[in-house]
Each structure stands twice: as structure tokens, then as C-alpha cells.
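*Asks:* Given the coordinates of chain P, work out where chain G should sit on it, guided by the hints.
Chains as they are written, first to last, in this note's numbering: chain P, 1 to 663; chain G, 1 to 663.
Simulated from the structure, these hints should not be mistaken for lab results.
Derived DSS-like pairs (lysine-lysine); straight-line CA-CA distance at most 25 Å:
| id | chain 1 | residue 1 | chain 2 | residue 2 |
| --- | --- | --- | --- | --- |
| 1 | G | K469 | P | K538 |
| 2 | P | K278 | G | K234 |
| 3 | G | K427 | P | K525 |
| 4 | P | K469 | G | K544 |
| 5 | G | K234 | P | K400 |
| 6 | P | K45 | P | K80 |
| 7 | P | K544 | G | K469 |
| 8 | P | K427 | G | K488 |
| 9 | P | K234 | G | K252 |
| 10 | P | K488 | P | K525 |
| 11 | P | K459 | P | K55 |
| 12 | G | K519 | G | K488 |
| 13 | G | K23 | G | K93 |
| 14 | G | K278 | P | K234 |
| 15 | G | K476 | P | K427 |
| 16 | G | K459 | G | K278 |
| 17 | G | K538 | P | K469 |
Computed from a predicted model, the values in this text were never measured in an experiment.
As a plain string of letters, each chain reads:
Protein chains: 2
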Amino acid sequence: MVAIHPFDTVRDYEVRLASKLVKDAYPASANVHFVQIDKVDPPKKSMIKYLEAEKSGLKVPEIPRVLYCYYYTNTLDFNKALVNVTVGHIITKTQLPKGVVGPFLPEDMMEWEEHCTNHPLVQAEIAKLKLPKGYSVRNDPWIYATDNANERRPLVQFFMYVLAGNGHSESNHYSLPLKFSPVFEAFTKKFIRIDYLPGGYDETTVPTQPWQEVPCVEYHPDLNGEDTTSRIVKPLLISQPEGPSFSIEGSKVKWQGWEFRVSSSAREGFVIYDVYFKGRQVFYRIALSEMTVPYGDPRAPYHRKQAFDLGDCGFGVNGNQLGLGCDCLGVIKYLDGVGIDSTGEPHVIPNTICMHEQDNGILYKHVNYRTNNAVVARKREFVVQTIATVANYEYVINVKFAVDGNIDIETRATGILSTMPIDENVKVPWGTIVGPNVMAAYHQHILSFRIDPAIDGHKNTVVYDDVVKLPTHPVKNPFGIGFVTDRKYVEKAGSVDQSPFTNRTYKIINENVINPISKTPVGYKVEIPPRQMILADKDSFNVKRAKFATEAVWVTKYNDHQLFAAGEFTNQSQRDTGLGEWANGVDPVRNEDIVVWATLGFTHIPRVEDFPVMPVETHNIHLQPNNFFTRNPALDLPQANNNFNKSQLVAGNPTKACCKNNL
Amino acid sequence: MVAIHPFDTVRDYEVRLASKLVKDAYPASANVHFVQIDKVDPPKKSMIKYLEAEKSGLKVPEIPRVLYCYYYTNTLDFNKALVNVTVGHIITKTQLPKGVVGPFLPEDMMEWEEHCTNHPLVQAEIAKLKLPKGYSVRNDPWIYATDNANERRPLVQFFMYVLAGNGHSESNHYSLPLKFSPVFEAFTKKFIRIDYLPGGYDETTVPTQPWQEVPCVEYHPDLNGEDTTSRIVKPLLISQPEGPSFSIEGSKVKWQGWEFRVSSSAREGFVIYDVYFKGRQVFYRIALSEMTVPYGDPRAPYHRKQAFDLGDCGFGVNGNQLGLGCDCLGVIKYLDGVGIDSTGEPHVIPNTICMHEQDNGILYKHVNYRTNNAVVARKREFVVQTIATVANYEYVINVKFAVDGNIDIETRATGILSTMPIDENVKVPWGTIVGPNVMAAYHQHILSFRIDPAIDGHKNTVVYDDVVKLPTHPVKNPFGIGFVTDRKYVEKAGSVDQSPFTNRTYKIINENVINPISKTPVGYKVEIPPRQMILADKDSFNVKRAKFATEAVWVTKYNDHQLFAAGEFTNQSQRDTGLGEWANGVDPVRNEDIVVWATLGFTHIPRVEDFPVMPVETHNIHLQPNNFFTRNPALDLPQANNNFNKSQLVAGNPTKACCKNNL
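So that you can see chain P by itself, here it is in the shape it has in the complex:
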């Protein structure tokens, strides 16, 4: 077994020890109830020493493993403990102020789900539906979000659906939403009230009526009525007979000049650490930091549909067990995650991260038309993938390392739309009718990726370059066709506006290292697609809680434990305690140890084609070397040729000479 590394995924025995130490610190009567346990990154200062020693093969300093535990005591007191599991003692334990709500544990949510449906008052409401024989009711527990500054109770709301009478566990209840929504207190499971949902043009609601039967739009192959034999899909096999080009030892990955570590995270899904390419340091840490999903339907209680999928529940603890040949094609290496139950007992989340190589077409090509000689190389990528299921939605996160020094951070949204009831012959301006009496409201997905750069070292600067026309001038620009770049520096912690029409690009540079060819500082470009940011009013809770969602690019001075864009505790939060505080306009960020936060937003106006299960919507952020190397860093790739790639002609296609790329 490989010795544990400070960046390694938390181990089960570490979780067990931490939870035991915490439980032992309270009387049994306190009923310690855990909701999340994971490792804490070591202070960067000590990690830098550690990594330097490691690189130079020296003895590495002892760095204790520290875990955080979120847990409730006496049912409703929310606490956080930091536990040193190397020596085995609690560093601190703090009870958080009333009103701070921790992330919900998936196991608790499922228990509450059952409790809700079985509650007499909910049963009474269900009875009014007079459901046909065999039909039943299923609910999705939902984060309660925030609409009242005085609300201190941890709450959970439930959206109710009819489960069709086909007796199939995979029947699509999202196709049959109901018009009432019970609210309970979390943990105590105390009934609070039932909210009624509008079905018409406006906010008007009506008492629960007998349910009018409509067809259920099914997605499962057993139920959707599709004939899959009508499509001719022949196998397309991806194989690596000589094995993959990567090597993985513990959390350490080596591939094509890249070296980094991958670790699973209860909250973030996975984290990439200590990234080098061709022997040069480029990033210290890369991870998804937060995601908020605000909905645009203004009618109560829909105004409270604003999830924070990392802070409210956790991306890693909701990670899928990935399937060979299903979620991942080729030669696959899997990593596991670690979940817990409320007693603090760990369990494995198997195969929740997959890693593999893939071909992504042509990387570079040139043909000398004089000789017809071609040089051509293929773009090979190394993919780190995880998929989280957050109730109805699925998110696929791919971080792809390419042979030319690029990193592509790809998000794919799929799964099932969050649906609402809508009456016959009604249209609403904030949603699309996606099935009989079912509407999918417009919403936004706004993700924040935390990028902790180390471009040739830790002292970095963020600049942004606009491309602007030169004024016409009889001598300097007589034909009015000249244009130049205009560079600006981010001096203080804050954000940078988007400006696609000046081709604004954001770069992380190291002003202390000059590229000998271009005579400019070395850097990496951060390419973020220009997007609409959060639409809600500036003074709405949606925005107060998610400042990160108001701008595309943020720069802060590095601080240990400033990891989460909307703050550490987002569940029913009143305000953003993350970038809202850290991007303070005061901290110097030029030629400092900085963190860049990239906001990837997409406004989702549902299509009928997105139902009953949604084809992926794909969005990308690119990190690209920019005057970092002294020439194309992929020149050392072997030339593409068919002795190596063994491609074939379709039968009956006359063969012709392959590309000449050697003389």
C-alpha cells in the first residue's frame, strides 16, 4: 500500500477515528448526528515545503491529516469540529449560530421523503386526489432556500408527484407533478404546513382536487415505448492493446508530461492538485467550488427554488457509481469516494471518478503545397470524470488534460427537468410545456470553478486584454485597418466584467518570469464563454446568497480555507459569505499568491426535447498556455500514421496512399 499523501482522499479509518473522537466528546444523550466528514487541505505554506522536499527527493516534513466534521447535537444544534486524525485529538469544536444550516445528508433526505408521504396530514391531502387504482404518490425533498430573514429553523420542502400505476419503480413521476407541497422541519420532522401550487396563468391556487389522469411521459426503456431495434447502431470499440499511456500510483497521475494528483471530495466531487506540465508548475489546485440553480417562476413557493448543489448537499456524496462501457469508454481507471452515515460510519462510493485517454481529432497539421508533404499529429486527451445526481438533475464534470498543455473543464447538464403542474390550455411566460399538464420553468445553472494558479510559482497576476482598433491616421494607420491589444491589470481583490466585443481575454501571468521569445511575462489564458449572469434583482435573496453568480471572473488573495464561492454554509443562507466577503476591493492581488474564480453560467430555457430525459447541454472553460513555452509544446508528439492507429476503409472504398509525413 502506498503511503498516505496529504492530498489523498480521506481514508475510511480516518473518518471512523474522527467520528469516534467527536462522539466521545459528548454525552450519549446529545445524540451526535453527522452530516458530512472529509479531509481539510493542509495549510498551503506547509504544503509548499512538503512538495518541494518531495520533488527534490528529500525527507518530507510531517503534516498531520485533519478532518472536518459537520454534525448535529441535541437534534437541532449544528456543530463543526476539526480533528487531527494523525495524533488523534479534536483541534476545535464549535457550535454554530442558530440559523446556520449544514448540508443535508442523502440518507436523512431519503428518510424525510418517506416520513413526508406517510404523514397523516399529507395522506389526507393525497386522499383528496382520488387516485386511480395502482397509482400512488412519490415526492422529491427539496432544499428550502431563503425568503425570510427571520427564519431560523432548518426546513425541507417536498414536491409531490403521481407515480403511474404501471408498478414499475422507474416510472417518471416528474411527468405528473401535483399541486401541493408539504414543508417540514428537518431532523425533528415536525410538520410545518402545506403550500399549494398554482396551475394557471398567475399565483392563484385552489384546494386539492381529484387528480385528472394524463399520460405519463416515460424515459425508461421498459416504459417509453420506443423500438430501439429501429436504429442500426454498430459497435464502436475503443481499445488500447498495449495498455494506456498513463500511470497512476495512489492519487498521483503521470501522463504525457502532465503530473498531478486527483482526490475525491465529499463536497466538490474531485479535486486536482499540484499540476505540472513538462516539468513546470502551472496550478496548485483546481475544483468545482459551487453551483447555484435559481428558477425564474416568480410564483410562491417556486420563488424558493434556488439550490446550491455543493454547499446544500454535496457533489461528491451524490456521486454516481460509474459504469464501464456506460459512462466511460476505453481503458478505464476508477477511483472511489467516501460517504458517511449519520453515525459517522464511512462507506465506499465505488467508481465515482473515472480516468481514461481519448482521441480528440487533429491537434496540428501543415501541408507544404510545393511538395505535398504533411505533418499531422492527433490531439490525445486525459479525462478525469465524475457524475453527480442531484435529485432530478445529473451533472457530468470532465477535466481534460491535452498534449498541448491545454486543460478543458467541461460541464454537461443532463437528467430530468424540475417540473411543475400546469392546467390544460394554459401558457406561462416563464416556462415551457414539456408534456401533458407539465411545465418546466426557465432557470439558470451558474457554476463557480476555483482555479488556484501557480504559473511558474505562486506569485501570479491576472490581466485582461482587449483588442481595440487603432485610430485612422495619415501615417500610422492610413487605411483604417490597424488594431492592437490593450492590457489591464487586476490590482485589488474583485471581479472583472465580460467584454466579448473587444475580444476580452483573461490571463494569469507571472510578471517575474519573462518568455525569452515573446519578451512578455509567461502565462495561462482562462477562456470563459461570455454569458448572462444571474438574472434576479440585486437585492433579492437569490443574489445576496450568490454574489459569485453576478460576475464571470473573480480574483482573490489566497487564504487557506477560502474554498467555496458562496461561503462554507449555503443551506438557507441569508447572504454570500464567500466571494461576497473576499473580493473586498482591498487585498492586493498583483504579483501575489492569488485565486481565480471562473463563473460558468447558462440560462436554461427548456425545450420539449429536454423531456423526459435531457440530451446533454455542454459548456466549457479552457486553460491554455499563453506565451508560457518557447514554441508549440506538442512538437515532440509522434506523427500520426496508420501503422500506429490502424484505421480502416469502409468496405468497397478504393484505398489511396496515406498522408506522406516522412520523406
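*Replies:* Coordinates of chain G only, in the frame set by chain P:
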């Protein structure tokens, strides 16, 4: 042999007949000199009848094959003829006004290249360089572009480079640009003058000096000094043991519910015709229409660097012979193109279009967290690819059809930067130093894709939807979180502004066909990335010649032969005779037969990493069904599973259960 179809690629015997008929129409003394010959699309009106008959299995009407011929007579008279090669007569032949310059024939360009270097006045200039033994001079002929409204001669300018003394034909002359640029008259090969190129901060030039030796930055594996064995790249094989899922007969492709035709084009590379998905008509014709590449260096003669890569020379006639296992991986079907020589004799451009299937990750997924059952399907794509070499640059065009009804039009720019000399210790604000004494000027690539829609028929409308916040209102929007879409209709031929911050999306809809689920018109979305458009002054020749480059989306009323965004003849054009005339603000385009023109622009600020050969820059336009189907059209895909996909675990990775997607 399959009977010829009106959309089929021109046949060699058709070219031979057309050129013979034209030559026979002139006295031998006229020296008919051809520069381009290809087929003309039949009038849409007759094609619609033809295609309807074809679809219903009726006898198709006789449609004559018509070819256009561009040719010079008496050396400098430029003519166009339309020839009916079915019956074998010339329909029209016209001599074009002086000043109209046709596309240059690759064969002519290479002849002029040699003529230039060998010309005594150029040799005299070369002599002043006092090149070291073994070194020689190589030139790239360049389109002359436009800076003078009175210039009527067809001209060609030459950029001169040193060819290093290594005796290797693939040595990278672009690394060693010289400071003089001869200009000749085309066809007559008459010497006009030598322009001198600035090497300093400004437009100042100096007489040719002895060449100062600097290292050549080489790209070819024989020369670049890289050790390709240092990278461990194991084979990644893509195979289809049961053959591909597509069938191709003549120009007709059938795959996964898609049906369309692919034909090669001398000017456009390839054209996609008559596109159906799942039995419904979606597009009549899709092709790249034009591309202009204006440079930002304001100094003479660089202000004349504005190529029109389709109109000035032709994308298809500069198409690469694609290599199995080099340009295309998997099971490949190739199509040939047809080029000509100046006598009108056709030749095959072999394998210039490749077609194959590929996997593009997850298409959709959902996991029911209650049962842990997953549904997951993979995104299979069918790719039509061509690659053109335009002197230094390469462009890779991929049109990818996906199983969910999406079409992704992908452009990859690679090849070698167009370089200019720069003196030691000089920096300029409009270029990047990419090697010793070599500078790559900032430039733009602005492509126009012509999309002729037929969304459930030919009467279509373009709309654009903005997402806007609802005003806060005590009853209608009490929490200030509501947002809705605001739809506008394009009524008259013209353009639509970009507006990313209102999430503006462009849709082609059919107002006569209502989606029964959403109760809204069926449509396809055209997704174009928000980009900086052409930077040059409104009244510069660069803009006058390329109006299409000023806006991202254009809509015109359909007219036969309105195919090219900047007009039919772009070489040394004075003004845009394409969209500049057709987008007239007058023609009705609502619920009419319309054409949509999508401008894909990217401003290229070269990186050192882009030299000596550039890793691809990739840009995409998406066409996506939008409330066109009544649900996800890919539900009939078989579920992904490893019996089918045969993926493998990395050796030593403990196996765990695959995804359960059947109960």
C-alpha cells in the same frame, strides 16, 4: 454505377465537355485559360419537384446538369460561361468588366511563384542578401487585396523568405521572413514593383541589407530536434468489427435517422444537401460560404493582407488528400474532389472528404436515487470532414450530425502563422514575436456559413429570444426573482445584433407548424458564440469588401445563385456584392423561403505556442432542434452497456458492478 443525381459532385467527363465547348467557342488565338469549373445548383423550384418525386418513388423530372466555367481569354479578359452538359451547349458566356478578377488557379500560383524568384530584378535583390552557402530564397504568392479604387489589373504580391541551408524541402521558411515583397501582374507575369517591408517600430523601411543569420524554428520531425521517444503514447484504436452504422450510396448518406447528400465543391469544400432527420425535413443546403482573414498591422504593404479564402482561390481546390489513421480515425469512407488545370482538363483530388462515426461521451443520463437504477446513452456522431491548405494556414471543417438531432459545425484553424520580419529588440503593439526576428501580426478569421433551412418545409421565419427579468411587483414578482423570454421576429432581409447578456438565441421556426406539446411553432436553434466582428473602420476597404463580417447573423430571402457572402468575385473586389446587397432591409423574410448566414469570427492574437505549427483553435456553431420534436428524439437509442462497448479496466483496478440500467 449509380445514376447521376442533381446534387452529385461534378464528374470529370462533365468538366471535359464544358471546357471543350468553351474552347471551341473561341479562336485558338484567344488562348482560353481556365481558372475554375464546377457544377451549378439547379433552380430550387425544380429541385423541390425533383426531390418530392424522388421521395414518393415517382419518376423524377429531367434536370439538366449545368456547369460554370471561369476563364481568361487573350490573357487578361476574364469570362464566365454557363454550360449545359446534359445536352451539350453553352447557355451564356459573358466577359466580365475590367477590374473583376477571378479566383486564382493553384497551378498558376505555383508557376508565378517560380517566375518571381527567377526574375532578374528579384534575383538582384536576393543577391544583396549575401546569403550563406546552401541558403536560398522561397516565396509565398499572396492575393493582392485592395487599397486603390482605380486599380484594374489582376495583381499578385509575393512574400519572400529565406530557406535554411539544411537542404531539407520541409524546412520552415516562415521562420525567416525577408523585408521585400515583389508585385507582379497576374497572367502576364509583368513585373510591377518591389515593396519594402518595415522591420522596426513604425512604417520606415530600409534598402535590402545582407541577411543576418538567425536560427530557423523548424516544425518538421526531421528538423525540429525533438525526441519523440520521450513521450509514451500507446495506441488508442477505434474499430467497428461489425462495420459502420452508416450507409452511403453515391452522394446519399443514411445514418441514425439522418438522410442527406454530400457533394464536393471547388469553392466551398463540401456541401450538405437535402437534410432529413427521423423523416422530417430540416435543411435544404448547408455549406461554408466565405472566409476573410484581415490583418491588424497597419503598415504598408501589410494593410493589403486580407484574403478571401473561398472567393480568391477556393476551399475545395485547395483540399488535402486526407490520410487514413492520420486525419481520420476509425472506419472511414472517403469522397474525392475534382480540380482542373488551365486547359480545362479535370483531375481527381483524392480522399478530400472523409466521413466516419465517433463517440462523443454521454448523451443523456439519469439515476433514480431511490433504486440506484440508471439510464444512460452515448452520444454517437457522424462526421463529414475536409481540410484545406491555404498557403501557410490549414482549416479543418467538420460537420457533425448527432443522434439527438443536433448538427455541430466545427472549424479548426491550424498550420503556420503568416509571419513578418522584426528587428532585434523591437516590440510592436499589433503582433507577437514568435521566434528570432520573426513576428506574427494580430489578425481575424471571419467565416460565413450559409444555412438554407427547410424546417418542416421551405416557409420559415427567424426569431430571436432575449431572457429578461420581470419587474419586481408586490403580487406578480414579490421576491424579484422572475424572468421571462421576449421574442422578436425578423421581418425584412437584414442582420441581427449579438446580445449575450440577454442570452439572445436565434431560432429558425416554421410558423405554420405548431408543436402539439409546447403549443409553439416548431424550430431549430442556431447557436453562434458571441464574438468580436471585423475591427477595421466602417469605410475601410476591408469592411466594404466583407459586409458579412460586420454582423453575426444575417437573414435573406432565398434566391438561386446567392451563395457567397461577399459576392461571386472577391479577388481585388472593391465592395461586397453579397450580403451587402441582398440584406437590403426590403425583402420580406417572415414565413418565406429564407437563407440564414452565420458569421463565425475569431480574433487571433498569436501565442509563441502557435509557432512553428499551431495547435488547433476550435470554434463551433450548433444547430439544435428547439420544440421541433414532441420529446427527446434519442429515446430510441439502445442503452449503453459493456457487452456492446467492450471497455476494459486498467490492469490491477478491482472490478465493480457495471451500471444497472435494466431491472
